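**Student:** Each residue of the sequence shown is one higher than the last, beginning at 1 in the numbering used here.
Do not rely on the hints blindly, as some may be mistaken.
[Stated by the list, open to error] Once the Cα atoms are required to be at most 16 Å apart in a straight line, the calculated EDC-like pairs of lysine to aspartate or glutamate come out as:
(1) K302 - D353
(2) K519 - E529
(3) K102 - D35
(4) K428 - D343
(5) K102 - D131
(6) K428 - D395
(7) K102 - D136
(8) K65 - D90
(9) K302 - E280
(10) K519 - D484
(11) K365 - E322
(12) K65 - E93
(13) K519 - E481
(14) K292 - E175
(15) K102 - D135
(16) K365 - D343
(17) K102 - E175
(18) K428 - E447
Derived from the structure by calculation, the hints contain no laboratory data. Computed from a prediction, not measured in an experiment: that's the story for all the values here.
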Amino acid sequence: MTSDPAAPAMRLASTGTILHGVSVGEVLGVSTLADARLIAGRSGLDRIVQRLNVMEVPDILAWVKPHELLLTTGYPLRNTPQSLDRLVADLDERGLAALAIKLGRYLDELPGEMVEQADRLGFPLILLPNDVGFDDILNQVLTDILNRQAGLLARAEDAHRALVQIVLAGGGMREVAAEVAGLLDVAVAALDAGGRILATAGDAERVATLRATCQAVESTATAAGTVPAAVRDRPRAAATMAPDRHYAVVPVVAGGHHHGRIVAFSDSGALTPSDVGILERAATVAALVVTKQEAVTAVESKYRADFLRDVLTGRGGTRVAERARAFGWDLERRVSVLVAEIDPDAEERSTQDRMLAAWQSAVRKFDPRGAVAGFSHEVVAVVGADVDTVRLARDALAAVSDCTFSTGLSRVAGGPDLLPGAYGQALKAARVGRQLHGAGAVAHFDELGVYRLLSLVNDTEELHAFVRETLGSLAGDGDAENADLRRTLQVLLETNLNVAETARRLHFHYNTLRYRIGKLERMLGNFTEDAHLRLNLTLALHVLRMRGI
């Protein structure tokens, strides 16, 4: 072969891909290399050989690939022995596994600098016997590589078949972890997206070590760097291994979402790429388990939601208590209804999912026999009368950091037949509470006072007309002076016309406030003497405060 100045920097990839190989040490064990001698680079005997190449041209660097065993007689270098000094460093830089050379015909010896460099880099230099042909080496080593590849692929296929069978037989994470632990002789932990351990398998001591590591990762008190990086980094896209290769972590991804990870630990030897390949297949099967569980959960949630909706709208039928018990709910006792309604500015779909999870967790904590279900834009819970509903609601609210839902609490209801009324109370409390206090409000129906009555008026146009007739020009916010006068009127009514207290609250001089009162009476009438007018003014101000009505 002759050198071509226009040759590419790297030869084109072959159509097939070798994923596995044999170590340089194993190559030296084949029969054709029985008389071969390692003359440098002993620390690199674990380098992996995936392919072989023969050096036929001086510019061989343009044609080599990583993980190659390069064979040469030294013929291309016979006229430029000085290039040998840099050859080892150049081959090592390109990721080659080793260099095997025949001496005596074209090269009598290798420079000492070359041997020293190979030892320093851990790059194996192999002296080949003169009576062995390159074709024999190529055939035997490639056969070993392909046999190794075929064996590892067959192992991976067997593992995949066994893991898929677990899913087909209805198994879950526990069975998947146990199968992987048996296949690889390692400890295995399956973790959810939050780092909580779902299942473990393997030798008890190894599992204890793995549990301690996983818990250390989740603990905020553990300093970064004190646990294996492969576990600490929580990979979401690809498998990773710790530097010592005793830990490996593979993400579990389904539907484009990260659902957790599978972590393996071996104390008997380093995990191999083949082992990681099996872990990746296990992660795929675990994703199937997650998808199946999510589908089952979605169906169950729909049945729960449909049933609870029927009960709350009075269409539950005659066997409400019995059907509720099938879901683990107790609706025969005295209960309260809570409604958490998504606030208008929230992203409804993502908020709904987080809301439901937060409420399910809170209800389990406060009342395991309580009912909870998600509707289209709200979550409804039915809990025992002895539960602190305000605390429960605030617990759920705190679990959703952006506070994008408002909660209403009903009066206590004495049985399933009274639940529709209690549901209406809670829904009304949620909506009026939001109008009065803004997003994220928690309001009890009994605390709404006059707002409860005003919320029952369906004709909002009539309410607006009442406000305009009663407050006149003070009803709008277009004029800053009128808005300020309306504030003065509100505080006066709240203090029962106590001029001194009103002046103190508004930071006015007494005479200034007396002047304002006179101006208000010229606009609205003699409200300081007319109790009925004061009632009308108070109601009009309450209507204005109820935003959205």
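**Student:** Which numbered hints turn out to be false for this structure?
**Tutor:** 6, 9, 11, 16 and 17
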